Every structure is written in structure tokens, then in C-alpha cells.
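Position 305 of the sequence shown, counted from 1, bears residue number 305 in the working numbering, the numbering being contiguous throughout.
Any given hint might turn out to be false.
To be verified - Here are the simulated distance ranges between beta carbons:
id	residue 1	residue 2	range
1	Ala210	Glu100	45 to 55 Å
2	Glu301	Gly168	44 to 54 Å
3	Val119	Lys250	29 to 39 Å
4	Ala138	Asp296	34 to 44 Å
5	Val119	Asp157	16 to 26 Å
6	Glu301	Glu114	23 to 33 Å
7	Gly72	Gln171	41 to 51 Å
8	Val119	Gly168	20 to 30 Å
9	Gly72	Ala210	17 to 27 Å
10	Asp157	Gly72	28 to 38 Å
11	Lys162	Arg286	29 to 39 Å
Claimed, not checked - Simulated crosslink set (DSBU-like; lysine-lysine; CA at most 35 Å straight-line):
id	residue 1	residue 2
12	Lys259	Lys82
13	Lys190	Lys235
14	Lys283	Lys268
15	Lys268	Lys82
16	Lys283	Lys44
17	Lys82	Lys46
18	Lys235	Lys150
19	Lys44	Lys82
20	Lys259	Lys190
21	Lys259	Lys150
22	Lys235	Lys162
23	Lys44	Lys150
24	Lys206	Lys190
25	Lys206	Lys150
26	Lys190	Lys150
27	Lys82	Lys162
28	Lys162	Lys250
29	Lys268	Lys250
30	Lys283	Lys250
31	Lys259	Lys206
32	Lys235	Lys206
33	Lys235	Lys82
34	Lys190	Lys283
35	Lys283	Lys82
36	Lys268	Lys206
37	Lys162	Lys206
38	Lys82	Lys206
39	Lys190	Lys162
40	Lys150	Lys82
None of these hints come from the bench; they were simulated from the model. Values in this document were obtained by computation on a predicted structure and should not be read as measured data. Just so you know, even glycine gets a beta-carbon here, dropped at the ideal spot from N, CA and C.
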Amino acid sequence: MRIAVVGVGGVGGAFGGRLAVRYGSVPDHEVVFIARGEHLRAIKEKGLRLLTSAGELLARPTLATDNPLEAGSFDLVLFAVKSYGLEAAARSVADNVHGETIIIPLLNGVDITERLLGVLPRGVFLYGTVYVSAFIEAPGVVRQVSPAGKLIFGPADGAVEKFQGIDGLFQDAGIASELTTEPRAALWTKFIFICPAASVTSLLRKSFGAVMDDPEARELLAGMISEVEQIARAKGIALPADIAAATLEKIRQFPPETKTSLQLDFEKGRETEIDTFTGFIVKSGRALGIATPLHDRAYRELVVKG
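Using the sequences and the accompanying hints, generate a full structural model.
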């Protein structure tokens, strides 16, 4: 199988690195990294160093390149770019994708698979959700902060049988994967946590602990969780009845100094995924006729601040 990892940052490095360690030099598989800049040059020269709490892995992909045209066709593509670069990344590998190519996005956001469907002319499109904390520490070096990472994936129609081989491929590489018949529920379970948390921490410039210690900030967070839940249920997503309370408790359990990636991007003046999070709920609310005043306000203020 020819596996491509498009975007070898924190997420792509954490999961793609393990795939390259396991399959980068075996006869029946190839692992291609699509990367760029100094990071790519370092990977080509020395491999990708993946630093984890359990030790260091050195991943040597079969090929690392910034030119997909030289890579041939792919049987499995993992997209791990930032959401604002998704369409450009998809167009760059369109000629590498054939009708049976399995495509799994590992990005934040609940509409990523649909966006890929709008760009790529062919392929088998799955939904994917990941839980991992990792970042590029230096060119050619990815540090995984969380002790474990998880990849949840599956098809929209729930027919998982034909993808069990992919699940086995991941697990044999040391990736904690779960092939699910309800991949959209998995996506929204994460989104109902990460979207309000990202919006509130960015808007108020507060860490998780500071938000939870401030009654007004905590009330804003709970209100935004409720708005996301309303959108999810209107879209037919089967979420647990106690999802709102469970999400607040999940945030409470994080280290108090935790900041979201969206907040850090705003603080550092980088391009952000505001439209993937806050903006998506604003747009969905309007389309569904559901009021989202808290997200509306946050989006207006964050766009101005950004």
C-alpha cells in the first residue's frame, strides 16, 4: 500500500511518523511525506525525529517531497494540514488520487470531509477525528506532548467491514485507532469541546483554569457549548444526553494553564482557524435558523482582533 501523509506538523508527524517507522522500508508498503521548507530538508537529510514520553522514534519515509507529482499514485491519504490550507493541499495531490484511494482527514473541524469532496474528483472519503497534542519543535523534530494519541475513523454509511485492513495497518504501526460506524458523532463529540473552548479562551485571552474560575467566563463557555449542541442535534448527530455537562467536566480536568491552539495563534499573530470553529457555527446557525448569539459576538470580536 502506498500511504501519503499530507502535512507533517504535529498531527501528521505523530501519526505519520509511526507509519514511516513501521512501513517506510518494508517491501509491501511505501510511506510518502508531503512537507515543505526547512522541515522537509531536515527530514530528507536525517529522517523525522518523533519525541514522546515513551522515548524517541526515528522515522524515515520512503519518500519526502514538496512535489506530489513525483510521488506516483496513493492508496491511502492522510490530510494533516491546517484547515485554511486544506483546499490547496487537496488540489496538490489530486493527480495522485485514484478511484479506490482511501482519504482520511485528521484536521480540526466537522465539515472537512465535505470540503475534500468539493475539491478532489475521485476517492473513497472517510471521516477522521484525532486526539493528540504535538508540535514541530525544530526542523525535522516533532514533539508529542500527550502520552497517547488516538485516531477514530469511519465511513458515513457505517459500512466498516472493508476498512478493517486500514484499522489493522494503523494498529500494527502502534497507533491507537478505532474504526467506528458513527464517525460524525465522534467528530462532533470533539467539536463541542474544542470549538467553544477555543472561542472563549481566544476572546477573553484566558487559560482553561482562568475561564473555569471566572463565573461569567464559565457561563459564556456553557452557553457556547449549548449553541454547538443545538446545531449538532439539528444536523441529526447522535450525541449523549449529558454531552454538555460532560464537556464542561472535560475542560475542568485539563491543567489550569492550558491554552487552545486558536488562542496561541491569535497571541502570536498567526493565521488562525477561526472560520473552522466559531465561524462555522455562525454560518450553520444562519442556515438552520438557529440563533447563535454568543458565537456571533465572539466571531465579530475575534475577526476584528485578528
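With respect to the beta-carbon atoms only, verify the hint that Val119 and Gly168 lie 20 to 30 Å apart. holds (29 Å)
Is the Cα-Cα distance between Lys268 and Lys82 35 Å or less? holds (16 Å)
Take the C-alpha atoms of Lys259 and Lys190, compute the straight-line distance between them, and say whether it is at most 35 Å. Answer holds: Lys259 to Lys190 is near 16 Å, not above 35 Å.
Would the hint linking Lys259 and Lys206 be met if the CA-CA limit is 35 Å? holds (8 Å)
Just to be sure I understand the hint, the distance between the Cβ atoms of Ala210 and Glu100 should be within 45 to 55 Å; is that true here? Holds: the Cβ-Cβ distance is about 49 Å, inside 45 to 55 Å.
Given the proposed pairing of Lys235 with Lys206, does the C-alpha separation stay at or below 35 Å? holds (31 Å)
Holds or violated: Lys259 and Lys150, Cα atoms, limit 35 Å. Distance of about 20 Å is within 35 Å: holds.
Hinted pair Lys283 and Lys82, Cα distance within 35 Å: holds (20 Å)
35 Å limit on alpha-carbon distance, applied to hinted pair Lys283 and Lys268: holds (26 Å)
Against the range 29 to 39 Å, how does the distance between the Cβ atoms of Lys162 and Arg286 compare: consistent or not? holds (37 Å)
For a C-alpha distance cap of 35 Å, please report whether Lys235 and Lys82 respect it. holds (24 Å)
Can the suggested window of 16 to 26 Å be confirmed for the beta-carbon pair Val119 and Asp157? holds (21 Å)
Of the numbered hints listed earlier, those contradicted by the structure are 7, 9, 16 and 37.
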